[in-house]
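Protein chains in written order, with the numbering used here: chain C, 1 to 486; chain F, 1 to 486.
None of these hints come from the bench; they were simulated from the model.
Don't take each hint at face value.
Same chains, same names: a pair is fine if it fits in one copy or spans any two.
[Unchecked claim] Straight-line alpha carbon distances no greater than 27 Å define the calculated DSS-like cross-link-like pairs of lysine-lysine that follow: (1) K180 / K194; (2) K312 / K157; (3) K418 / K6; (4) K312 / K378.
Each chain is listed here by its residues.
There are 2 protein chains.
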Amino acid sequence: MSAAPKEFLDYIDAHKDAFITRLTNAVKIQSVSGDPAYRDHVHEMGRFVQSELEAVGVTTKVVPLGQEVTDGKPVEHDGKPVQLPPVILGKIGEDKNKKTVLIYAHYDVQPALLSDGWSSEPFVLTHDKATDRLVGRGSTDDKGPLVGWINVLEAHKALGIELPVNLRICFEGMEESGSKGLDDFIKAEAGPGKFFDGVDCVCISDNYWLNDVTPCLTYGLRGICYYQVHIEGPEKDLHSGLYGNCVHEPMTDLFQIFSKLVTPQGKITIPGVNELVDELSPGEREIYERMDFSIEDINKAVGAAITLSDNKVDVLMGRMRYPSLSIHGIEGAFSATGEKTVIPAKIIGKFSIRLVPSQTPETIDPLVIEFINSEFAKLNSRCKLKVVPSTGGKPYLADPNHWSFVAAAKATQAVYQKQPDLTREGGSIPVTLTFADALNVNVLLLPMGRGSDGAHSTNEKLDLANFINGTKVLGTYLHEVAKLAK
Amino acid sequence: MSAAPKEFLDYIDAHKDAFITRLTNAVKIQSVSGDPAYRDHVHEMGRFVQSELEAVGVTTKVVPLGQEVTDGKPVEHDGKPVQLPPVILGKIGEDKNKKTVLIYAHYDVQPALLSDGWSSEPFVLTHDKATDRLVGRGSTDDKGPLVGWINVLEAHKALGIELPVNLRICFEGMEESGSKGLDDFIKAEAGPGKFFDGVDCVCISDNYWLNDVTPCLTYGLRGICYYQVHIEGPEKDLHSGLYGNCVHEPMTDLFQIFSKLVTPQGKITIPGVNELVDELSPGEREIYERMDFSIEDINKAVGAAITLSDNKVDVLMGRMRYPSLSIHGIEGAFSATGEKTVIPAKIIGKFSIRLVPSQTPETIDPLVIEFINSEFAKLNSRCKLKVVPSTGGKPYLADPNHWSFVAAAKATQAVYQKQPDLTREGGSIPVTLTFADALNVNVLLLPMGRGSDGAHSTNEKLDLANFINGTKVLGTYLHEVAKLAK
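Just chain C, with the same shape it has in the complex:
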């Protein structure tokens, strides 16, 4: 039994074509935030979002975030300063007897050019009838979910159904470019009497199902620590004929040190790092056993049979609830094709660690720096070493038994007739943590699209079924939230 009124669900089915048109209009605006040349389109998209929200009964506010700054320098384009896209705020209801739900989405997109290998114009939403997919940049990331929320509100307004919760909206236009300016804004608006005051929970629809058939709710994200290890030998690159076996070589030292960080089986070997991982709680393993997922799914996604284990649970837990360490590359070494007999003089080896609770950058950084320094000391090298950690991000873990998750599970069950998987993501969605920390409430990640959507790739798509059913889930979620006790 769905908590959502039947008229609402019928309305969504009946207005499928209009919703596709709305998404088409959204995709048409090339709101690529990563390239200042497209910035006017991002601002245009902000105005589009605002007017759509106003039309469905939302009181909006456009908050400018000022001029864009990179590395301390103002960004310019065509000789003019580049303005950050504004945050679009929205508000419906101030009823003290209702829960207040904050929804987040972003209206900017990744770059896309037909020449990248798209099979249709990326900014023309193309309904592929054979597969019933809506193909276009932003279709799933994140214009589909954003338009989904507008569709939900349109249905309620048209049907005269009162929203069962107070709604707060925060749509940003810089997510694909580090959410510049958003963190400070959220923190500033978190206090009593401010915009986010009174929010009971946050719902973000900006990730994906684990596969293509089973809906999921996401309750965890890994954090990250990134390290740049500088090793300096001679003043300039040397000829290996003249100086090989004559001087200490930074590359030799780097390979010794980096070979001590992680095993080929993915186990981090920096002392103390694994000890900070929370122990498995009773019944936690079953969450992974239940997940609708197979080794074959990963093999297909990466194009090779290279999983660390043949056991699905181990692979899923390796990705979601255990840390990882990846070596990314070396700056300053020979990296071109061909053969060069150089002894690189100054190199920077780069690796990162994905963190899980209760690891934090504050606890991990000293362990990593201490270990690398002590391993380097063992080498008796005359090169110089320096470990530079960058600002990391801590992991996120929500309580999946919170009423917001329960409501989302009920809504998903009602729409899809399927129990959603409870998943954690291997990557990061930084705004999740910002909301959780600043507002001190549960943050639910409620995905609309499927694992195969190809969010940042060519031919990004959203299945029409997910667009329509996902819209129903979003609306039903609000009604389920209203029914549950806080």
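On the provided structure of chain C, position chain F as indicated by the hints.
Structure of chain F alone, referenced to chain C:
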């Protein structure tokens, strides 16, 4: 007592200015072989060399080497095929009672632009009076030595002194670009009745003293084996958040393997490789103890105190008579500035080994390939590995007691009043091996310039003293050769 007639030595001193003018005219021609846009100048330089040789009594022959080909494709410039610079052959004497000496030099140079940081126009030979240096591209590498030989012949002709040996000349114009076409030519002209028939020894003046004060003769060169180690994991680069601790990573495997190749102290740890190094012969260590060289010289040259040892002999032997292994870089990994959280999908790690007698590519390759494959097997990785060796070069070692070396030592002693150091070079001069193998004779490396000349750098120079004294050494060498028994 010098074997060279006093008039010869006086003539060299008396014609200093004319010799500087000859070198000035040679440097003026921008015979950069590495850039097809300069190819006409290289051909012009060939004509200059030929006419200078003819003027001093040499019978010359210009041998075209055909069109330049790179990677199987004909090289073109401005829509026209690019011709390789010719080999300039020269001949004086056919006296069966005289020894026949083959001299080699090259008339092409490295690129040079004032904007690279030269303090004077690189193609205008500038006599810096404060330091008495002749600054210009090619001054020391290798137009100085080439002009030196012409000066020697001019002196003999002008004074009416018969050359004490039969002379054969082979000057090439492509040395700085891999000596394209030369190997095949030398091999083809090595048989009975061919140009190189009857040659008793080869003298190459194309390297440098170890330092700035002590002349040297060079009797050895290291060989080289270069390896590209391909490791393949996923089909395309992955996001470390999504796949970290979930799949095998090529970078992790590469760091494990490369950490097993060499110690930070420069010792190669591939089984069998060091066993192929010839044992120290009695008295060999003293050669290095005698060398006029200090740790401080290396520190100055590389700009940092990073020698593998504080013992001069160990450092010199590490460079000259022991092999070395250097890791050069990785193709396919993240190599730019900044931070990227990529799991590189397909990478190529590159390293090379400098070989010494009796190591050869044929004996080393199987050891390296077998070791890497066995180390990779230990990793239990699902990535794929392939080791690709390139065509290596074997090391060269001449007998420093051969009469050609004895003659060069006597000539050096006569001119500089100093016993020359006997050195081996850490790098390679491939034509040395070609001559040694094709003609089966001793090849002497008799340098004219000093260690600080900066052959391939900005402000390349040849000290005037070395130009004049070096010319005397070349001429005296021929007279010393003539005096000794074969």
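Outcome of the hint check:
no. : hint        : verdict
1   : K180 / K194 : within (21 Å within a copy, 76 Å between copies)
2   : K312 / K157 : neither (45 Å within a copy, 88 Å between copies)
3   : K418 / K6   : within (19 Å within a copy, 106 Å between copies)
4   : K312 / K378 : between (39 Å within a copy, 24 Å between copies)
The structure fails hint 2 only (numbered hints given earlier).
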